[in-house]
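Visitor: As a plain string of letters, each chain reads:
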Amino acid sequence: KAGVTQTPRYLIKTRGQQVTLSCSPISGHRSVSWYQQTPGQGLQFLFEYFSETQRNKGNFPGRFSGRQFSNSRSEMNVSTLELGDSALYLCASSLTTGTTAAFFGQGTRLTVV
Amino acid sequence: KNEVEQSPQNLTAQEGEFITINCSYSVGISALHWLQQHPGGGIVSLFMLSSGKKKHGRLIATINIQEKHSSLHITASHPRDSAVYICAVDSFGNEKLTFGTGTRLTIIP
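Taken in order, these protein sequences are the chains called A and B.
For the first sequence, this note's numbering gives the first residue as 1, with consecutive numbering after it.
For the second sequence, this note's numbering gives the first residue as 114, with consecutive numbering after it.
Please keep in mind that the hints were generated in silico from the structure rather than gathered at the bench.
Bear in mind that the values here come from a model prediction, so they are computed numbers and not experimental data.
Some clues are possibly wrong.
To be verified - Just so you have them, the derived chain B footprint on chain A, three or more residues with Cβ under 8 Å:
(1) 45-58
(2) 63-74
Stated by the list, open to error - Using C-beta positions, here's what the derived DEER-type ranges look like:
(3) A:Arg73 <-> B:Lys167: 29 to 35 Å
(4) A:Thr53 <-> B:Val157: 36 to 42 Å
(5) A:Thr20 <-> B:Phe131: 44 to 50 Å
(6) A:Thr20 <-> B:Gly129: 45 to 51 Å
From the three backbone atoms N, C-alpha and C, an ideal C-beta is built for every residue, glycine too.
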């Protein structure tokens, strides 16, 4: 069974640009959560999608958005990139929302210059 | 005060030593996760606990719900166990994980 796949693995963007990251969950999993990891703040929750609906959102500005498709694949978008958005972005998939085992992808390392 | 506190922040030990990493939390939880992150970033879920104890190979995780405390133990530690270990909790009514700051473990051959 394939694991959680995130693309791309590495990305370099300049300030002001926008970026789209992709996450393909484990087959059959319907919940996808996104997290940002920075050296200063550690791992922080961005948002969770379940059945194409955003279920929960963390404390991030509106420049961070996401969506989920009918096949459960999810994308997150960051507009008007800032230097502080440089981070490792991780997604995790679960069978359903709530207390279930989460499986993480390898992450996308975004560098904003 | 963070909702999830881990100790120690850094731990260096000799190969073969018994390792204990602790996690304390301040909220009511439905489950606690132990995660492992190697250099390069990928995270592996080691355990999900809501009570008692779980064992997988050389790894053991315990949780005491009354004391709001969990421990991750590694027996016969090996250099390949070197990683950051992160505790995360599913708090009631939250439906999202809250993470500790992680424990950086280095095992010296």
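Visitor: May I ask which of the numbered hints given earlier this structure violates, with the numbers listed in increasing order?
Guide: Of the numbered hints given earlier, those the structure breaks are 2 and 4, listed in rising order.
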